[in-house]
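Undergrad: Mapping of the sequence shown onto UniProt numbering: position 90 corresponds to residue 90, and the numbering continues sequentially without gaps.
Everything labelled a hint here was simulated from the structure, so no lab data went into it.
Every value quoted in this text rests on a predicted model; they were computed, and no experiment measured them.
By construction, the Cβ of each residue, glycine as well, lies at the ideal position given by its N, Cα and C atoms.
Just so you know, not all the hints are guaranteed correct.
In silico DSS-like cross-links for lysine-lysine, where the CA-CA straight-line distance does not exceed 27 Å [unchecked claim]:
1) LYS72 / LYS46
2) LYS60 / LYS72
3) LYS38 / LYS91
Pair by pair, the computed Cβ-Cβ distance ranges are [said to hold, decoys possible]:
4) ASP85 / LEU115: 48 to 54 Å
5) LYS38 / ILE10: 52 to 58 Å
6) SER181 / MET128: 16 to 22 Å
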Amino acid sequence: MNYKQIVILILGSFLFISCSQHQQARRPISQSSGTFLKESVERNKKLISGEEAKIDSIIKSNPNIKYIASNKGYWYRYDTKNTQDTLRPRKGDIAHFNYEIKDLDGNIIYSELELRPQTYYVDKEQKMIIGLRHGLKLMHKNETVTFLFPSHMGYGYHGDNRRISHNQPLMYTVTLTDFASETKQNVEPKEPLKTITE
Numbered sequence: 001m002n003y004k005q006i007v008i009l010i011l012g013s014f015l016f017i018s019c020s021q022h023q024q025a026r027r028p029i030s031q032s033s034g035t036f037l038k039e040s041v042e043r044n045k046k047l048i049s050g051e052e053a054k055i056d057s058i059i060k061s062n063p064n065i066k067y068i069a070s071n072k073g074y075w076y077r078y079d080t081k082n083t084q085d086t087l088r089p090r091k092g093d094i095a096h097f098n099y100e101i102k103d104l105d106g107n108i109i110y111s112e113l114e115l116r117p118q119t120y121y122v123d124k125e126q127k128m129i130i131g132l133r134h135g136l137k138l139m140h141k142n143e144t145v146t147f148l149f150p151s152h153m154g155y156g157y158h159g160d161n162r163r164i165s166h167n168q169p170l171m172y173t174v175t176l177t178d179f180a181s182e183t184k185q186n187v188e189p190k191e192p193l194k195t196i197t198e
């Protein structure tokens with residue numbers, strides 16, 4: 001046997017032996033016991049109960065103002081109530097409104113002037129916080145309502161990366177100036193063009 005045949009025989013044997021060995025799958029070093037998830041749930045429960053306690057103290061400190069608890073987890077009061085209208089914005093309507101954002105101590109975070117008048121396609125857009133999306137559907141035209149939103153109904157753990165910090169409960173004062181169905185707004189006749197005569 002020459003040198004080449006010996007090398008090929010050794011390499012072939014080595015390859016045969018290495019392929020025939022059964023490799024056992026590696027196990028993770030630590031297995032999750034679900035404690036992280038449980039701790040996260042407990043942390044969120046404490047956070048929510050703390051925020052609700054702060055909101056409750058605001059409500060109790062003003063006994064002359066009647067706040068209403070919504071079934072979605074926020075509170076609201078009417079600053080200006082419209083008892084004449086019965087219609088409220090529904091899915092597909094276009095709502096026009098103004099609003100201001102404050103912290104629970106009443107300090108302005110964003111003024112109405114900064115936020116400008118808003119247009120919102122009800123339940124077709126996700127561009128604003130969930131609390132406001134629900135709250136607008138409770139309002140009648142020309143009503144002003146103040147909402148107290150816990151952080152999970154607002155910007156949550158992330159904040160808005162500008163002035164609203166993480167897990168910050170908010171006070172919104174909203175005026176619904178108008179709303180109409182999307183089809184009605186698209187069909188309304190436009191003003192006839194005026195011709196210029198010299």
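Undergrad: Confirm or reject each hint.
TA: Structure-based check of each hint:
Taking the CA atoms of LYS72 and LYS46, the gap is near 18 Å; set against the 27 Å cutoff, the hint holds. Among the hinted pairs, LYS60 with LYS72 is consistent with the structure: their alpha-carbon atoms are about 20 Å apart, no more than 27 Å. Proximity of LYS38 to LYS91 is assessed by CA-CA distance (about 37 Å); at most 27 Å being required, the pair is judged violated. The supplied range of 48 to 54 Å is broken by ASP85 and LEU115, whose beta-carbon atoms lie about 24 Å from each other.
Hint check: LYS38 to ILE10, Cβ distance near 57 Å, so the stated range 52 to 58 Å holds. Checked against the hint of 16 to 22 Å, the C-beta distance between SER181 and MET128 comes to roughly 20 Å, which is consistent with it.
Figure legend: structure checked against the earlier numbered hints; hints not met, in rising order: 3 and 4.
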